[in-house]
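Quick note, the sequences are listed as chains A and B, same order.
Quick note: the first sequence, position 11, residue 374 per this note's numbering, numbers continuous.
Quick note: the second sequence, position 97, residue 1277 per this note's numbering, numbers continuous.
Derived from the structure by calculation, the hints contain no laboratory data.
Please note that the accuracy of each hint is not assured.
What the hints assert, rightly or not - What follows is a set of in silico ranges between Cβ atoms, one per label pair, in the way DEER data are often shown:
(1) B:R1236 x A:K365: 34 to 44 angstroms
(2) A:A372 x B:V1272: 43 to 53 angstroms
(3) A:A379 x B:V1287: 48 to 58 angstroms
(4) B:G1319 x A:M381: 33 to 43 angstroms
(5) A:A483 x B:D1325: 39 to 49 angstroms
(6) A:L367 x B:M1217: 19 to 29 angstroms
(7) A:L390 x B:H1286: 40 to 50 angstroms
(8) B:A1234 x A:R392: 33 to 43 angstroms
What the hints assert, rightly or not - Calculated lysine-lysine pairs in the DSS-like style (CA-CA distance at most 25 angstroms, straight line):
(9) A:K380 x B:K1330
(10) B:K1330 x A:K378
(11) B:K1348 x A:K412
(12) A:K365 x B:K1348
(13) B:K1348 x A:K378
The structure displayed is predicted, hence computed values, not measured ones.
C-beta: ideal position from N, C-alpha, C; glycine also.
So you can see what is in the structure, the chains are spelled out below.
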Amino acid sequence: MKSLEELMALRDAAKAKMTARDDSTALTRVVVGMATCGIAAGARPVMNKFTEEIEKRGLTNVTVAQTGCIGMCQYEPIVEVTEPGKEKVTYVLMNPEKAVKVVVDHLVNGNPVAEYTVGAIKK
Amino acid sequence: MRELSLNVLDIAQNSVSAEASLIELVVREDRRAHELMLGVYDNGKGMTAEQVAAVRDPFFTTRTTRKVGMGVPLFKMAAEMTGGSLSIESEVGVGTRVEAFFHTDHVDFVPLGDMCSTVVMLITMNLQIDFIYRVQVDGSAFTLDTRELKEILGDVPLNDPDIARWIKDYITENTANLTEVQE
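Chain A on its own, in the form it takes in the complex (with noise of 0.2 angstroms):
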């Protein structure tokens, strides 16, 4: 059973982790709209899928957040991706499989994915 004991451990080991990497390099921001019509599309698992990638691949320059409604209910689950300096990609209509398309050719390889933003949809 997990305690809070094993928590202490886990801790000084995160201690070591966080001293040995700077994170003061320029962050790139996930937002996921998680509203109740983004809640009600399926943006939790969305949300869930792009923490865990994130997490497998190491990408410590990436952060997950959440927001509200962002105006484009009939398109949610929407998620937003802004790297510093360039201009923000919003992808719409997403879902768990998107995500890790998205985690791997846009945030690992730097080339967003046309097909699943909004400018696609709207055509």
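Fit chain B to the supplied structure of chain A, relying on the hints for placement.
Showing chain B alone in chain A's frame:
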């Protein structure tokens, strides 16, 4: 909503918006009586009597991006579909208490689903807010208080990947025989 835990996530976002510093999430089940209570309590800015009355109305919202607010009405509907009810108590400057009551043996009862995921997400996405998660099923109970965790962790944040995973496992293990995944 496909799971009640998603409604809880949604309702708790209102507490976040209300600038609460402490949010309590409660799951209380009496299995013999087939009764479930889901509570979201906060110490946020609260609502006036008029706002409390209006919040059940889907066409009332404080948001500016569109004209409807479905969070509370959806939660209320999920409860009432099972013959249950929803209550909201609120006081300006004190906080808000939302409680939904369900009859779990009703055919229209929506499963609770992945409460652990809801709780971990709220904790890791709102580091400035303290959370209490209480699960009480018949005679057994489990409580997680992030203030206790923060005391142990010091300056290591709750959203550190290893810490977040530990919280998830800790909740899962300790509530495994409490929260069902009801078929």
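Comparing the hints with the structure gives:
1. Checking the proposed 34 to 44 angstroms range against B:R1236 and A:K365 shows it holds: the Cβ atoms sit about 39 angstroms from each other.
2. Distance hint check for A:A372 and B:V1272: the Cβ-Cβ separation is about 44 angstroms, which falls inside the suggested range of 43 to 53 angstroms.
3. As the Cβ distance of A:A379 to B:V1287 is approximately 53 angstroms, the hint placing it in 48 to 58 angstroms holds.
4. Checked against the given bound of 33 to 43 angstroms, the beta carbons of B:G1319 and A:M381, roughly 41 angstroms apart, stay inside it.
5. Distance hint for A:A483 and B:D1325: a CB-CB separation of about 45 angstroms, consistent with the stated range 39 to 49 angstroms.
6. Restraint check, A:L367 to B:M1217: a C-beta distance of roughly 27 angstroms satisfies the suggested window 19 to 29 angstroms.
7. The beta-carbon spacing between A:L390 and B:H1286, approximately 47 angstroms, falls within the hinted interval of 40 to 50 angstroms.
8. Checked against the given bound of 33 to 43 angstroms, the beta carbons of B:A1234 and A:R392, roughly 34 angstroms apart, stay inside it.
9. Restraint check for A:K380 and B:K1330: the C-alpha separation of about 18 angstroms stays at or below 25 angstroms, so the hint holds.
10. For the proposed pair B:K1330 and A:K378, the alpha carbon gap of about 14 angstroms is at most 25 angstroms, so the pair holds.
11. With a C-alpha separation of about 15 angstroms, the suggested pair B:K1348 and A:K412 falls inside the 25 angstroms cut-off, and the hint holds.
12. A hinted pair counts as satisfied when its Cα atoms are at most 25 angstroms apart, and A:K365 with B:K1348 qualifies at roughly 10 angstroms.
13. At most 25 angstroms may separate the alpha-carbon atoms for a hinted pair to count; B:K1348 and A:K378 meet this at roughly 20 angstroms.
Consistency with the previously given hints is maintained throughout, with no hint failing.
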